[in-house]
Amino acid sequence: MHEEWTDKLSDYLDDELSPRERQAVESHLRGCAECAAVLDDLTRVVERAQRLDRRPPRADLWDGIAARIETRGAAPRRVSFTLPQLAAAAVVLIAASAGIAWQFADRAASRSADIARSTEAQSRASSGYEAPAEREPSAERSNIDIAHVSFADAQYDAAVSDFEKALQNGRRRLDKTTIAIVEHNLQIIDQAIEQARQALETDPANDYLSGHLVDARRRKLDLLRRAAALTIESD
Amino acid sequence: MALSADTPIQTGIETDVALAARGDASAFERLYRTHVARIHSLTRRMLSSDEADEVTQDIFVRTWQKLSQFRGDSAFTTWLHRLAVNVVIERRRTFAIQRERMAPDPAVLDSLPVAPPRADLTVDFEHAIGQLPPGAREVFLLHDVEGYKHREIAVMLGVATGTSKRQLHRARMLMRKHLNG
Numbered sequence: 001m002h003e004e005w006t007d008k009l010s011d012y013l014d015d016e017l018s019p020r021e022r023q024a025v026e027s028h029l030r031g032c033a034e035c036a037a038v039l040d041d042l043t044r045v046v047e048r049a050q051r052l053d054r055r056p057p058r059a060d061l062w063d064g065i066a067a068r069i070e071t072r073g074a075a076p077r078r079v080s081f082t083l084p085q086l087a088a089a090a091v092v093l094i095a096a097s098a099g100i101a102w103q104f105a106d107r108a109a110s111r112s113a114d115i116a117r118s119t120e121a122q123s124r125a126s127s128g129y130e131a132p133a134e135r136e137p138s139a140e141r142s143n144i145d146i147a148h149v150s151f152a153d154a155q156y157d158a159a160v161s162d163f164e165k166a167l168q169n170g171r172r173r174l175d176k177t178t179i180a181i182v183e184h185n186l187q188i189i190d191q192a193i194e195q196a197r198q199a200l201e202t203d204p205a206n207d208y209l210s211g212h213l214v215d216a217r218r219r220k221l222d223l224l225r226r227a228a229a230l231t232i233e234s235d
Numbered sequence: 001m002a003l004s005a006d007t008p009i010q011t012g013i014e015t016d017v018a019l020a021a022r023g024d025a026s027a028f029e030r031l032y033r034t035h036v037a038r039i040h041s042l043t044r045r046m047l048s049s050d051e052a053d054e055v056t057q058d059i060f061v062r063t064w065q066k067l068s069q070f071r072g073d074s075a076f077t078t079w080l081h082r083l084a085v086n087v088v089i090e091r092r093r094t095f096a097i098q099r100e101r102m103a104p105d106p107a108v109l110d111s112l113p114v115a116p117p118r119a120d121l122t123v124d125f126e127h128a129i130g131q132l133p134p135g136a137r138e139v140f141l142l143h144d145v146e147g148y149k150h151r152e153i154a155v156m157l158g159v160a161t162g163t164s165k166r167q168l169h170r171a172r173m174l175m176r177k178h179l180n181g
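Chains A and B, in that order, are what the protein sequence lines are.
Okay, so the first sequence: first residue is 1 according to my numbering, each after it adds one.
Okay, so the second sequence: first residue is 1 according to my numbering, each after it adds one.
Be a bit skeptical, because a hint or two may be false.
Unchecked claim - Cβ pair distances, simulated, as ranges:
#, chain 1, residue 1, chain 2, residue 2, range
1, B, Q65, A, A59, 48 to 54 Å
2, A, E16, B, T15, 35 to 41 Å
3, A, Q198, B, E14, 19 to 25 Å
4, B, Q69, A, D53, 26 to 32 Å
5, B, E14, A, D53, 23 to 29 Å
6, B, G158, A, S18, 23 to 29 Å
Calculated directly from the structure, the hints in this document are not laboratory data.
Using N, Cα and C, we set each Cβ at its ideal position, and we do this for glycine too.
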């Protein structure tokens with residue numbers, strides 16, 4: 001046996017040699033029966049290895065696994081959306097954002113924060129809803145800060161209810177176009193909220209959906225707050 | 001909302017993976033039963049029969065915990081198997097089995113027992129694999145039995161590709177001796 005050649009036989013068998021090396025090995029094998037026999041043996045070894053069966057354990061291991069995964073709780077949930085679903089969600093949010101921006105961009109800059117504070121005070125008095133701390137003046141001043149609002153259902157619903165009442169009471173002070181835009185955007189946001197709720201029923205621990213729902217609810221509260229502020233501004 | 005309306009047609013395994021990832025233990029049990037033979041065979045050959053049950057359980061518990069990280073870039077079976085190999089390698093490292101894995105040992109070529117006169121050739125072959133030096137056995141099992149490439153094995157084991165090739169050839173030559181015994 002020629003070790004310098006047999007050492008190359010596994011690489012030859014696995015097609016790991018360069019064309020030049022492969023040609024040299026084949027040339028040697030044609031003239032060396034001993035090395036050719038080694039190659040045959042190695043081929044048999046590989047074939048046997050590939051034919052090895054897979055045997056299950058003698059005892060069923062599932063009970064032990066089940067006990068451990070039940071102890072540690074359910075597997076972490078994962079997010080799973082199709083592209084069309086994500087696109088639809090994006091369209092909803094873009095439409096809502098665009099509508100809100102179009103309606104309020106030029107009107108809220110100077111007074112909305114002050115008006116909103118007065119509206120908040122009314123809401124706070126009746127619902128216990130805690131308003132957030134005032135932001136420093138900035139380009140986003142017109143966007144009333146509701147980032148710290150708790151979106152627990154009772155508190156959120158009370159705040160929404162207050163703003164809806166304020167909007168309803170001041171409705172006559174707004175022109176029809178403004179009312180139509182506000183209602184259209186509320187409808188879009190409500191659809192987004194409902195879709196997120198339904199999706200969460202299917203996948204209740206989905207962090208993305210939870211965040212999406214909170215975001216949509218925040219948008220609704222923000223829109224209602226701004227609309228309510230407009231009714232006061234129009235007095 | 002029908003979240004599944006636009007999803008592609010799923011196989012039974014993919015469906016069970018999706019269900020298990022949402023916490024469905026029954027779906028995970030089906031995945032276990034589908035794959036346990038392959039995983040247990042891997043652990044039994046890479047480690048030992050004594051350790052195989054315990055490590056197989058560890059692998060499936062680890063799989064349950066990591067299901068949320070499975071993104072479907074590869075088949076679930078491929079992902080699971082790779083996870084299993086990692087657990088096994090980690091186990092071997094923990095017990096410092098691999099300390100001598102790559103140590104040169106020329107005498108080992110003569111240490112492998114020749115084929116004993118058993119009727120079950122598969123058992124004989126498996127027994128012979130179990131007698132291989134740890135490093136050669138690892139590479140032989142990963143390459144010839146499990147079908148991994150040298151570059152993949154090199155990454156798994158943290159060795160050079162050339163080392164993986166040498167260990168494989170060494171293992172095959174030892175197994176050849178067993179077959180011809």
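Need the list of violated hint numbers for this structure, in ascending order. 1
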